[in-house]
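2 protein chains.
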Amino acid sequence: MSLTNASPADAAKAAKSASHVLATLSADARNDALTAIHDGLVAARDDIFAANARDLELAAEAVAAGKLSQSLVARLDLAKKGKWDDMLKGILDVRDLEDPVGRVTLRTRLDNGLDLERVSCPIGVLLIIFEARPEVIANIAALAIKSGNAAILKGGKESTESFVAISRAISAALDKTQVPNGAIQLVTTRDVIPELLALDQYIDLAIPRGSSDLVRYIKNNTRIPVLGHADGICFTYLEQSADPAMAAEVIVDSKTNYPAACNSLEGLLVQDAALSTLLPPVAAALAAKGVELRCDPQSKAALKDVPGLNIVDATEADFSTEFLNLTLAVKTVSSLADAVAHINANSSHHTDCILTSSKELAEQFMSAVDSSGVYWNASTRFADGTRYGFGTEVGISTNKIHSRGPVGLEGLMIYKYKLRGHGQVSATYGEGAGRKPYLHQKLPLE
Amino acid sequence: MSLTNASPADAAKAAKSASHVLATLSADARNDALTAIHDGLVAARDDIFAANARDLELAAEAVAAGKLSQSLVARLDLAKKGKWDDMLKGILDVRDLEDPVGRVTLRTRLDNGLDLERVSCPIGVLLIIFEARPEVIANIAALAIKSGNAAILKGGKESTESFVAISRAISAALDKTQVPNGAIQLVTTRDVIPELLALDQYIDLAIPRGSSDLVRYIKNNTRIPVLGHADGICFTYLEQSADPAMAAEVIVDSKTNYPAACNSLEGLLVQDAALSTLLPPVAAALAAKGVELRCDPQSKAALKDVPGLNIVDATEADFSTEFLNLTLAVKTVSSLADAVAHINANSSHHTDCILTSSKELAEQFMSAVDSSGVYWNASTRFADGTRYGFGTEVGISTNKIHSRGPVGLEGLMIYKYKLRGHGQVSATYGEGAGRKPYLHQKLPLE
Numbered sequence: 001m002s003l004t005n006a007s008p009a010d011a012a013k014a015a016k017s018a019s020h021v022l023a024t025l026s027a028d029a030r031n032d033a034l035t036a037i038h039d040g041l042v043a044a045r046d047d048i049f050a051a052n053a054r055d056l057e058l059a060a061e062a063v064a065a066g067k068l069s070q071s072l073v074a075r076l077d078l079a080k081k082g083k084w085d086d087m088l089k090g091i092l093d094v095r096d097l098e099d100p101v102g103r104v105t106l107r108t109r110l111d112n113g114l115d116l117e118r119v120s121c122p123i124g125v126l127l128i129i130f131e132a133r134p135e136v137i138a139n140i141a142a143l144a145i146k147s148g149n150a151a152i153l154k155g156g157k158e159s160t161e162s163f164v165a166i167s168r169a170i171s172a173a174l175d176k177t178q179v180p181n182g183a184i185q186l187v188t189t190r191d192v193i194p195e196l197l198a199l200d201q202y203i204d205l206a207i208p209r210g211s212s213d214l215v216r217y218i219k220n221n222t223r224i225p226v227l228g229h230a231d232g233i234c235f236t237y238l239e240q241s242a243d244p245a246m247a248a249e250v251i252v253d254s255k256t257n258y259p260a261a262c263n264s265l266e267g268l269l270v271q272d273a274a275l276s277t278l279l280p281p282v283a284a285a286l287a288a289k290g291v292e293l294r295c296d297p298q299s300k301a302a303l304k305d306v307p308g309l310n311i312v313d314a315t316e317a318d319f320s321t322e323f324l325n326l327t328l329a330v331k332t333v334s335s336l337a338d339a340v341a342h343i344n345a346n347s348s349h350h351t352d353c354i355l356t357s358s359k360e361l362a363e364q365f366m367s368a369v370d371s372s373g374v375y376w377n378a379s380t381r382f383a384d385g386t387r388y389g390f391g392t393e394v395g396i397s398t399n400k401i402h403s404r405g406p407v408g409l410e411g412l413m414i415y416k417y418k419l420r421g422h423g424q425v426s427a428t429y430g431e432g433a434g435r436k437p438y439l440h441q442k443l444p445l446e
Numbered sequence: 001m002s003l004t005n006a007s008p009a010d011a012a013k014a015a016k017s018a019s020h021v022l023a024t025l026s027a028d029a030r031n032d033a034l035t036a037i038h039d040g041l042v043a044a045r046d047d048i049f050a051a052n053a054r055d056l057e058l059a060a061e062a063v064a065a066g067k068l069s070q071s072l073v074a075r076l077d078l079a080k081k082g083k084w085d086d087m088l089k090g091i092l093d094v095r096d097l098e099d100p101v102g103r104v105t106l107r108t109r110l111d112n113g114l115d116l117e118r119v120s121c122p123i124g125v126l127l128i129i130f131e132a133r134p135e136v137i138a139n140i141a142a143l144a145i146k147s148g149n150a151a152i153l154k155g156g157k158e159s160t161e162s163f164v165a166i167s168r169a170i171s172a173a174l175d176k177t178q179v180p181n182g183a184i185q186l187v188t189t190r191d192v193i194p195e196l197l198a199l200d201q202y203i204d205l206a207i208p209r210g211s212s213d214l215v216r217y218i219k220n221n222t223r224i225p226v227l228g229h230a231d232g233i234c235f236t237y238l239e240q241s242a243d244p245a246m247a248a249e250v251i252v253d254s255k256t257n258y259p260a261a262c263n264s265l266e267g268l269l270v271q272d273a274a275l276s277t278l279l280p281p282v283a284a285a286l287a288a289k290g291v292e293l294r295c296d297p298q299s300k301a302a303l304k305d306v307p308g309l310n311i312v313d314a315t316e317a318d319f320s321t322e323f324l325n326l327t328l329a330v331k332t333v334s335s336l337a338d339a340v341a342h343i344n345a346n347s348s349h350h351t352d353c354i355l356t357s358s359k360e361l362a363e364q365f366m367s368a369v370d371s372s373g374v375y376w377n378a379s380t381r382f383a384d385g386t387r388y389g390f391g392t393e394v395g396i397s398t399n400k401i402h403s404r405g406p407v408g409l410e411g412l413m414i415y416k417y418k419l420r421g422h423g424q425v426s427a428t429y430g431e432g433a434g435r436k437p438y439l440h441q442k443l444p445l446e
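From first to last, the protein sequence lines are chains A and B. The opening residue of the first sequence carries number 1 in the UniProt record's numbering; numbering runs sequentially from there. The opening residue of the second sequence carries number 1 in the UniProt record's numbering; numbering runs sequentially from there.
It is worth saying that the hints were derived from the structure and are not from the lab. Treat the hints with caution; some may be incorrect.
Output of the computed footprint for chain B on chain A, the stretches with three or more beta carbons under 8 Å from beta carbons of chain B [to be verified]:
hint : stretch
1    : 19-29
2    : 104-118
3    : 220-226
4    : 317-325
5    : 370-376
6    : 416-430
Calculated pairs, EDC-like style, for lysine to aspartate or glutamate (alpha carbon to alpha carbon, straight line, at most 16 Å) [as the list claims (entries may be wrong)]:
hint : chain 1 : residue 1 : chain 2 : residue 2
7    : A       : Lys359    : A       : Asp243
8    : A       : Lys89     : B       : Glu431
9    : A       : Lys89     : A       : Glu135
10   : B       : Lys219    : A       : Glu61
11   : B       : Lys442    : A       : Glu98
12   : A       : Lys359    : B       : Asp111
13   : A       : Lys400    : B       : Glu410
14   : A       : Lys400    : B       : Asp200
15   : B       : Lys400    : A       : Asp200
16   : B       : Lys89     : A       : Asp200
17   : A       : Lys219    : A       : Asp200
18   : A       : Lys219    : B       : Glu410
19   : B       : Lys400    : A       : Glu410
20   : A       : Lys157    : A       : Asp243
21   : A       : Lys442    : B       : Glu431
22   : B       : Lys359    : A       : Asp115
Derived Cβ-Cβ restraints for the label pairs, each shown as a range [what the hints assert, rightly or not]:
hint : chain 1 : residue 1 : chain 2 : residue 2 : range
23   : B       : Ala29     : A       : Arg109    : 30 to 38 Å
24   : B       : Arg103    : A       : Ala301    : 42 to 50 Å
25   : A       : Asp272    : B       : Asp28     : 29 to 37 Å
26   : A       : Thr277    : B       : Asn220    : 50 to 58 Å
We put the beta carbon where it would ideally sit given N, CA and C, even for glycine.
Whenever a hint applies, use it, and build me the whole structure from the sequences.
Pasting the structure below:
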């Protein structure tokens, strides 16, 4: 890993060049590098914690001066229970995942002795912009090397000392491996994000990990493709045939399990025929967890006799708002088609759910809703790479191309076509006199 | 199909809304629409040819006034041998391809009664900007409907009368099918491209089909992801162990089979050890086809005794130029590593080839070259969706995400995750006391 005070352009150029070497390394060579990083971090523990203590000291001063929030300081602290060990374990977990490089996904015999093969390969250079959590840097370096991609890392400034110490350890570890040192570049100079975002000739994919403001800023200021999501505005449609106890349990989990997460519920769409039957027990269960309901007039009227609720009149904006706290918008709809139309127009296309006993309606909903996750009778909180069994999560994408939903290592891959011939030329083939037809014979992928 | 004189924003909004219906239609419903389009065009033949004649008349006047090139007029002419019949056949060919919608590519049991499925689905709304060839509109409408995507079409103004007549026939045909009329929007108002490129809230993917200037303009002026390639700068590395006759044949085909194509050869990299043995016969074979060679000093010296060559001193810029005619740059390199470095820095990452008898060097080259097509002993001209057996070609992409190389219907698809549960909530699962682990059991794909 290089610690760069060089210009962003030089860092990106070096990363590109390293990516061409990294792409040719064997799985063993990449895995060995992850073992070396793990061991190097273990050996450098004291230095890293000393650096982290300096970050924490500066942060404490900034909090005292009212320039930083206490919650950010908590995220900086590497000594927080489990954080350091989880970081180390995460590197080995990524190492032990199946190799994503070199998977053959298509094999076609164009003619005898002329075989086409589609093979997965790294994208090239990733730009990863993240906030102040210091353990993220090791996690990202592991993901990049495992997937054969070079990476340029730009972290939040409050963790600079920790980042430098961690990346020194990673750099020293990589020196003993086949992974070129330039493959992971830490950019520590300030205010370089606009410059980095202009380097689309070197950088193939940008992955912002942080607030929706950060993601939105990056999407709006680069030609580099961006993988991620700005908002998580998830809806659940409560259909009249849903089981009441199941509905209450799933909605409570979706809303209250971790309200600040992008896969938490923000809007409940209630079928009018379910207002008097299903909504009251659901509302009571939510109230018991301290949830404020922003109701439209119909749902408010349906709840007038339920004691202990915290109801506020909803505004139109509430039905497309990411609250990220214990607030839930409640809107009445007359049919599945209305629910789908509201979701397709107002959700962030992250994860949306239908609660119903009808398989037919559920399948209609899952077919018609244009979101990365479409759920039937399950909490929106399941939208997560670890929960999906991907082993690791690069992020969650609401994009409509490349990768969508929780993204694992597969999302960091593209493919190339390899054609192996014996001197064949295009003029031999095609239609017309004296031309040969193509065989186009599907071959097993092995 | 709607003929829009409405604003681009209204056209895009209507396409988005139609895309949500189109995404839920069965394969039969989409295929029936293609049959209807085919039959409608057959029935409207006379009207369409009359409209095309009006386009041709205006074009002839423009040529006479020196405002248009004769080659463009030839592209406008629907009566040109085979064009009309090929257009009709193309619609039925696309109809008969395997359905790309609803393919299950992952199934995981998260827990008993909680099954995750990844299913291919349309991207949504495509913006397709193309030049004046009038038959392209039917081809694109067929691709869009087959893949379940809505499309906004903006064609070159010289074919406006033909486009309007063809789209009237398509529109009348679609009225009798389940495909909503708004699914295909033809925008005929002028100068609307900048407005269309700003509509990233409605348009999911832009596909420019035309000159590299058009592609570059679009890539530089939109936040919508763009599928395509601006340049086709393809290289071949001639290694010392290559068979001389094979090398000459492949290089001649790559350069001269259709010099204006994006998959034609623009640069030949010759290993120094092959200068006196392989280059002379290759150069003679190229000269026999009228190819001008732009040589570096070493290759020029190696060819000084070969009669009948057309040699010009190369400039540095020649080694990264798309000539699109019978010109070939020839550069000497000392090793495979040098060849790979030159290609990775100067090719357009479209298709690059090695000519060698060494399997080991070939595999090294194909692993290290960062291009969508990497070939061993085969003409670069094979880089084409039809030749690869994809049935149809949307375009060729040099992007590093989503789709790369020749793109068939698969390149117009994304996926969604469907999760079918029985009321499971996230709080039940994970590590810690009383929590259940996830099963993460791989299920067969059907």
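Hints, verified against the model:
1. 19-29: holds (count 4)
2. 104-118: holds (count 4)
3. 220-226: Coverage by chain B holds for the stretch 220-226 of chain A (3 residues, Cβ < 8 Å).
4. 317-325: Our answer is that it is violated, as 0 residues pass the Cβ test (under 8 Å) against chain B, missing three.
5. 370-376: holds (count 7)
6. 416-430: holds (count 13)
7. A:Lys359 to A:Asp243: With a Cα-Cα distance of about 13 Å, the restraint between A:Lys359 and A:Asp243 holds, given a limit of 16 Å.
8. A:Lys89 to B:Glu431: Judged against 16 Å, a Cα distance of about 15 Å means the pair holds.
9. A:Lys89 to A:Glu135: Holds - the C-alpha atoms of A:Glu135 and A:Lys89 are around 12 Å apart, at most 16 Å.
10. B:Lys219 to A:Glu61: violated, 46 Å
11. B:Lys442 to A:Glu98: holds, 14 Å
12. A:Lys359 to B:Asp111: The given pair, whose Cα atoms are some 19 Å apart, is violated under the 16 Å limit.
13. A:Lys400 to B:Glu410: holds, 14 Å
14. A:Lys400 to B:Asp200: holds, 11 Å
15. B:Lys400 to A:Asp200: With Cα atoms ~11 Å apart, B:Lys400 and A:Asp200 stay inside 16 Å; holds.
16. B:Lys89 to A:Asp200: Violated, at about 41 Å.
17. A:Lys219 to A:Asp200: Measuring from Cα to Cα gives roughly 13 Å; hence the hint holds.
18. A:Lys219 to B:Glu410: With a Cα-Cα distance of about 26 Å, the restraint between A:Lys219 and B:Glu410 is violated, given a limit of 16 Å.
19. B:Lys400 to A:Glu410: Given that 16 Å is the threshold and the Cα spacing comes to 14 Å, the pair holds.
20. A:Lys157 to A:Asp243: violated, 50 Å
21. A:Lys442 to B:Glu431: Answer violated: A:Lys442 to B:Glu431 is near 45 Å, above 16 Å.
22. B:Lys359 to A:Asp115: holds, 14 Å
23. B:Ala29 to A:Arg109: 30 to 38 Å: holds, 34 Å
24. B:Arg103 to A:Ala301: 42 to 50 Å: Holds - the Cβ-Cβ distance for B:Arg103 and A:Ala301, about 46 Å, lies within 42 to 50 Å.
25. A:Asp272 to B:Asp28: 29 to 37 Å: Since A:Asp272 and B:Asp28 have Cβ atoms about 34 Å apart, the given range 29 to 37 Å holds.
26. A:Thr277 to B:Asn220: 50 to 58 Å: holds, 56 Å
Checked against the numbered hints given earlier, the structure breaks hints 4, 10, 12, 16, 18, 20 and 21 and satisfies all the rest.
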